[in-house]
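J.: First residue of the sequence shown? That's 4 in my numbering, and the numbers climb one at a time after it.
Distance condition first, Cα-Cα at most 27 Å in a straight line; then the derived DSS-like pairs of lysine-lysine: (1) 63 / 87; (2) 54 / 83; (3) 46 / 87; (4) 54 / 87; (5) 83 / 34; (6) 63 / 83; (7) 46 / 83; (8) 86 / 46; (9) 34 / 86; (10) 86 / 54; (11) 63 / 86; (12) 63 / 46; (13) 34 / 46.
FRET-style restraints, in silico, Cβ to Cβ: (14) 70 / 50: 17 to 23 Å; (15) 73 / 14: 17 to 23 Å; (16) 95 / 14: 28 to 34 Å.
Since the hints were made in silico from the structure, they are not lab data. For glycine and all other residues, C-beta sits at the position ideal for the given N, C-alpha and C.
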Amino acid sequence: MIVDTRFRSEAPEMMDDFEMEGEILQDALDKIASINQLLGGNKVTVDGVRKLLENNPTEKIIRITDIGCGNGDMLRTLSKYAKKNNLNFELL
Numbered sequence: 004m005i006v007d008t009r010f011r012s013e014a015p016e017m018m019d020d021f022e023m024e025g026e027i028l029q030d031a032l033d034k035i036a037s038i039n040q041l042l043g044g045n046k047v048t049v050d051g052v053r054k055l056l057e058n059n060p061t062e063k064i065i066r067i068t069d070i071g072c073g074n075g076d077m078l079r080t081l082s083k084y085a086k087k088n089n090l091n092f093e094l095l
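Could you put the whole structure together from the sequences, leaning on the hints where they help?
T.: Here you go:
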């Protein structure tokens with residue numbers, strides 16, 4: 004299925020519904036995490052963090068705050084990256 008991205012929908016997005024909760028919210032957040040992984044969104048972020056930290060000493064504490072972090076998938080991805088590369092991340 005080819006997605007036509009020439010036109011933006013004006014329909015309200017599910018994530019803009021602040022009344023959403025429970026299983027519906029969890030399902031939506033999990034789908035966003037899956038899409039980010041599938042489309043490489045997490046890799047883009049990790050690559051950006053890697054580039055920002057190129058000249059930083061590995062023992063320096065790096066604090067990263069993820070605002071609007073969905074189900075926390077990005078923070079878990081960054082945690083794995085930090086452990087693999089002996090970096091000292093404080094993830095909020």
